[in-house]
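Fit chain B to the supplied structure of chain A, relying on the hints for placement.
Next come the chains, spelled out residue by residue.
There are 2 protein chains.
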Amino acid sequence: MSLRLTNSLSRQKEDFETVLPGHVGLYVCGPTVYGDPHLGHAKTYVSFDVIVRYLRFCGYTVTYIQNITDVGHLVGDEDDGADKVLQKAQEINRQPMAIVEHYTCRHFAMMDRLQVQRPDISPRATGHIPEQLQLIETLLAQGKAYERNGSIYFDVSQDSEYGILSGRKGEDMLGGTRVAVRNEKKDPRDFALWKHAEPDHLMRWRDCLGQEGFPGWHTECVAMSTRYLGNAFDIHGGGMDLKFPHHECELAQARALGHDYARYWLHANLLTINGQKMAKSLGNFITLEDAFQTNNPLVVRYFIVAGHYGSVLDFSDSALQGAETSLQRLQQTVRALQRKVPTDFSAPGQHLQQYRERFCEAMDDDFSTPQALAILFELIHEVHRLLQQENTATEVFADALNLFQQLAGDVLGLLPETESITHSPELLEQTINLLLELRHDFRQQKEFARADLIRQRLQELGIELQDSKDGTTWEIP
Amino acid sequence: MSLRLTNSLSRQKEDFETVLPGHVGLYVCGPTVYGDPHLGHAKTYVSFDVIVRYLRFCGYTVTYIQNITDVGHLVGDEDDGADKVLQKAQEINRQPMAIVEHYTCRHFAMMDRLQVQRPDISPRATGHIPEQLQLIETLLAQGKAYERNGSIYFDVSQDSEYGILSGRKGEDMLGGTRVAVRNEKKDPRDFALWKHAEPDHLMRWRDCLGQEGFPGWHTECVAMSTRYLGNAFDIHGGGMDLKFPHHECELAQARALGHDYARYWLHANLLTINGQKMAKSLGNFITLEDAFQTNNPLVVRYFIVAGHYGSVLDFSDSALQGAETSLQRLQQTVRALQRKVPTDFSAPGQHLQQYRERFCEAMDDDFSTPQALAILFELIHEVHRLLQQENTATEVFADALNLFQQLAGDVLGLLPETESITHSPELLEQTINLLLELRHDFRQQKEFARADLIRQRLQELGIELQDSKDGTTWEIP
Chain A
10 MSLRLTNSLS
20 RQKEDFETVL
30 PGHVGLYVCG
40 PTVYGDPHLG
50 HAKTYVSFDV
60 IVRYLRFCGY
70 TVTYIQNITD
80 VGHLVGDEDD
90 GADKVLQKAQ
100 EINRQPMAIV
110 EHYTCRHFAM
120 MDRLQVQRPD
130 ISPRATGHIP
140 EQLQLIETLL
150 AQGKAYERNG
160 SIYFDVSQDS
170 EYGILSGRKG
180 EDMLGGTRVA
190 VRNEKKDPRD
200 FALWKHAEPD
210 HLMRWRDCLG
220 QEGFPGWHTE
230 CVAMSTRYLG
240 NAFDIHGGGM
250 DLKFPHHECE
260 LAQARALGHD
270 YARYWLHANL
280 LTINGQKMAK
290 SLGNFITLED
300 AFQTNNPLVV
310 RYFIVAGHYG
320 SVLDFSDSAL
330 QGAETSLQRL
340 QQTVRALQRK
350 VPTDFSAPGQ
360 HLQQYRERFC
370 EAMDDDFSTP
380 QALAILFELI
390 HEVHRLLQQE
400 NTATEVFADA
410 LNLFQQLAGD
420 VLGLLPETES
430 ITHSPELLEQ
440 TINLLLELRH
450 DFRQQKEFAR
460 ADLIRQRLQE
470 LGIELQDSKD
480 GTTWEIP
Chain B
10 MSLRLTNSLS
20 RQKEDFETVL
30 PGHVGLYVCG
40 PTVYGDPHLG
50 HAKTYVSFDV
60 IVRYLRFCGY
70 TVTYIQNITD
80 VGHLVGDEDD
90 GADKVLQKAQ
100 EINRQPMAIV
110 EHYTCRHFAM
120 MDRLQVQRPD
130 ISPRATGHIP
140 EQLQLIETLL
150 AQGKAYERNG
160 SIYFDVSQDS
170 EYGILSGRKG
180 EDMLGGTRVA
190 VRNEKKDPRD
200 FALWKHAEPD
210 HLMRWRDCLG
220 QEGFPGWHTE
230 CVAMSTRYLG
240 NAFDIHGGGM
250 DLKFPHHECE
260 LAQARALGHD
270 YARYWLHANL
280 LTINGQKMAK
290 SLGNFITLED
300 AFQTNNPLVV
310 RYFIVAGHYG
320 SVLDFSDSAL
330 QGAETSLQRL
340 QQTVRALQRK
350 VPTDFSAPGQ
360 HLQQYRERFC
370 EAMDDDFSTP
380 QALAILFELI
390 HEVHRLLQQE
400 NTATEVFADA
410 LNLFQQLAGD
420 VLGLLPETES
430 ITHSPELLEQ
440 TINLLLELRH
450 DFRQQKEFAR
460 ADLIRQRLQE
470 LGIELQDSKD
480 GTTWEIP
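So the protein sequences, as listed, match chains A and B. Note that the first sequence covers residues 10 to 486 in the working numbering. Note that the second sequence covers residues 10 to 486 in the working numbering.
Mixed in with the good hints there might be a few duds.
In this list, chains with the same sequence are indistinguishable; a pair is considered to hold if it fits within one copy or across any two.
[What the hints assert, rightly or not] Cut-off 30 Å, straight-line C-alpha distance, at most; resulting in silico cross-link-like pairs (BS3-like, lysine-lysine):
1) LYS349 x LYS478
2) LYS455 x LYS349
3) LYS178 x LYS194
4) LYS97 x LYS178
5) LYS194 x LYS153
6) LYS349 x LYS252
7) LYS178 x LYS478
8) LYS252 x LYS286
9) LYS289 x LYS97
10) LYS478 x LYS286
11) LYS178 x LYS22
12) LYS178 x LYS455
13) LYS97 x LYS478
14) LYS97 x LYS252
15) LYS195 x LYS289
16) LYS286 x LYS349
None of these hints come from the bench; they were simulated from the model. Here the structure is a predicted model, which is why all the values come from computation and not from measurement.
If we strip away everything but chain A, and leave its shape as in the complex, we get (with noise of 0.2 Å):
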């Protein structure tokens, strides 16, 4: 069996064909960077880190476009409003790129804590005006654009498939732009490529008009995407809020300039907490930081890879309760393995294979990361199994580590990566509850010259233990 993934634009599971053999150009539309990232944004990019990995594991060479939306998305996806990242720049007072480079690097600090693998590019939309002035040049010369009062929009109504992706029609198809600036197109589907700068705006750069404006958000990915990966590539993912408009009208783009675009357009589905919609308005939104608190990273992880990426993801404290046990139990039995296998023992693969097959039966059909790990779970089940049988050979356990290694560590990433090890606060955690309780241990025995030495020894580390009648805690001050 061979890799099939639901293409949204066909709404069907079709074979995975690349444009170039063994290369895969993926471009997912990245985060607008004026706030903190939340669980949602977890959700997408988890969801496309596992593909991506699950494709590298395949042999592909992938190269991963991930832009950075830093101008031009403007509030409600709308033609007119605020500029998203202007807007929180004048909320707090700081320069427009000064909040990019705050929210970007918060971006990606979490990402890494997520153990989501840097993009090989993340493009800037400010760092690709020219490209895409040239891009609306061409539309306006072909008559596929128009300018009115300074901005220029799309014309819609000479593409008959406008729509297409979406699987939106008629009214569906409007915004909730102010009717001023619906009265200025031509069809109220229009949508800018281009928007005129009023005085004020901070951002703004020269135009192909010879005034001063800034891009549309549409515009932007149609010139990062094809600008890294080629008119015509393999995959075209994001968020499903993003199909429409803002997928949409990339593609119309796209078919007016001629391009292939995209082969397979993937949709990470929304993330939903208790059942509702994820909103500032709610109260309900939880940002990676407020998550992180109490919860490690990779049990986030965990959970989001145990949905599927087209399905909605609901997020409660019981959900996430569920993937920490099972997490633990998967790294439990990793780490069971480990001590098994001798470090430079080399496993020769034959055993177990079965385990390998479905697993990537499951992942080639449309990534089904449930699926998979409902294999790997039997893996463990036979690994405990064989554990406990006294002439397991150790062939076997280095086979079994391998394959967690391989589709746990490497593909699913739930295995913590080697350098946090030494850096994982659980196992400081650990090893200082373990001096507490051989203390502990002393205290009862009355030997108390030992129990104080841990106490003062720890101390000099700058470890502080409280003791009460309720046992003894510590604290680094």
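Relative to chain A, chain B alone:
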């Protein structure tokens, strides 16, 4: 006394007067992102980090811009030859922007480990092509630049002040550019603002001549600094090796454009290895990754802070050992104070005031960090005297702790920042070593059951012990 700093332009210590009251605009030339960050980068960016931290400590609002050079920096800092990024991209067969992404990431990862605070904005040269082209058009229109074979050069002969920053004259101002390119120039001192792109040159943009090319390194920094700081700003910094030709050429353009440009030019001096220039060709090139294998990044930071930014700093194992000893003494003193002062105790601030004043006097004198550290060590000495006195009031310790947190922590960046404490690999190492010591004692006392329990419990945590006649070692396989 108020802040005075050595202006490279006047070669004198000058009083620091800002363009806008209370605000400092600082531009520092960032890395060219084609290779792994090395000790020289640490020297430059730690130096400016301390300067930024001190200015903020003094109450200034600082806008710190540090660019990323991702195009146009040619091998040998010349006007011909390969683009450093492009050369690397061809070497390892990747897209130039993937090289840029990777090494930008590496730069910040290493700077984070050195506790170098992120700049407010890290503009990329490729993100400011329109600004550069506008600048070049202005110079062309004024007749201060000219075109030859699709490249655009700055006409040095019209600038009687050229050489004023570096103090270079005549032949000293000629680089090693090939004769063919020199012949393109009216004056061999002329430098490229824009280079015509050969057909195989991957990084290219449409230019004002209607052809395609890429920016000259010296133009990029003029465009980016004035874009974010205005045409008159406070400090322009960079490594000493950038004074000529880079900064001299920046200043010439700014002069031609009629910009006041930077009031003060600061140069962080070079880092040598055992008295020799650090160079790949000499085989003494030390990346930060290498340096951090054997040294805590904060020891490297201490080592840099212990020298003056404007002096050459010689790296050697013995110098680093000295830095380690001093840093440990500093951090131990802070931990001793933390044990004396309850967490919620607020420092009255009246005690030890003279140390703060003398520290600031030292820093006000051209950011004399060696002198500032000497004063902190006087304070360390005083604190240890106070720690031995039984009747020292907690207020005094609280003031001392507060001073260290502000001066050694906030300003010099030498105290581990809070989050890293529980992630500290050293602390984990120390607690494991404490357990090994206890186990050793048990074995000496023939309490083998207890000794074995420690081994077993550590093994459960994934920590393996190896006993030999030289003692016990541990590893996390």
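Hint check results:
no.	hint	verdict
1	LYS349 x LYS478	between (40 Å within a copy, 24 Å between copies)
2	LYS455 x LYS349	between (38 Å within a copy, 29 Å between copies)
3	LYS178 x LYS194	within (18 Å within a copy, 61 Å between copies)
4	LYS97 x LYS178	neither (34 Å within a copy, 49 Å between copies)
5	LYS194 x LYS153	within (13 Å within a copy, 44 Å between copies)
6	LYS349 x LYS252	neither (49 Å within a copy, 59 Å between copies)
7	LYS178 x LYS478	neither (68 Å within a copy, 80 Å between copies)
8	LYS252 x LYS286	within (17 Å within a copy, 56 Å between copies)
9	LYS289 x LYS97	within (15 Å within a copy, 45 Å between copies)
10	LYS478 x LYS286	neither (44 Å within a copy, 63 Å between copies)
11	LYS178 x LYS22	within (23 Å within a copy, 71 Å between copies)
12	LYS178 x LYS455	neither (80 Å within a copy, 83 Å between copies)
13	LYS97 x LYS478	neither (49 Å within a copy, 64 Å between copies)
14	LYS97 x LYS252	within (25 Å within a copy, 37 Å between copies)
15	LYS195 x LYS289	neither (35 Å within a copy, 62 Å between copies)
16	LYS286 x LYS349	neither (46 Å within a copy, 50 Å between copies)
When each numbered hint is compared with the structure, violations occur for hints 4, 6, 7, 10, 12, 13, 15 and 16.
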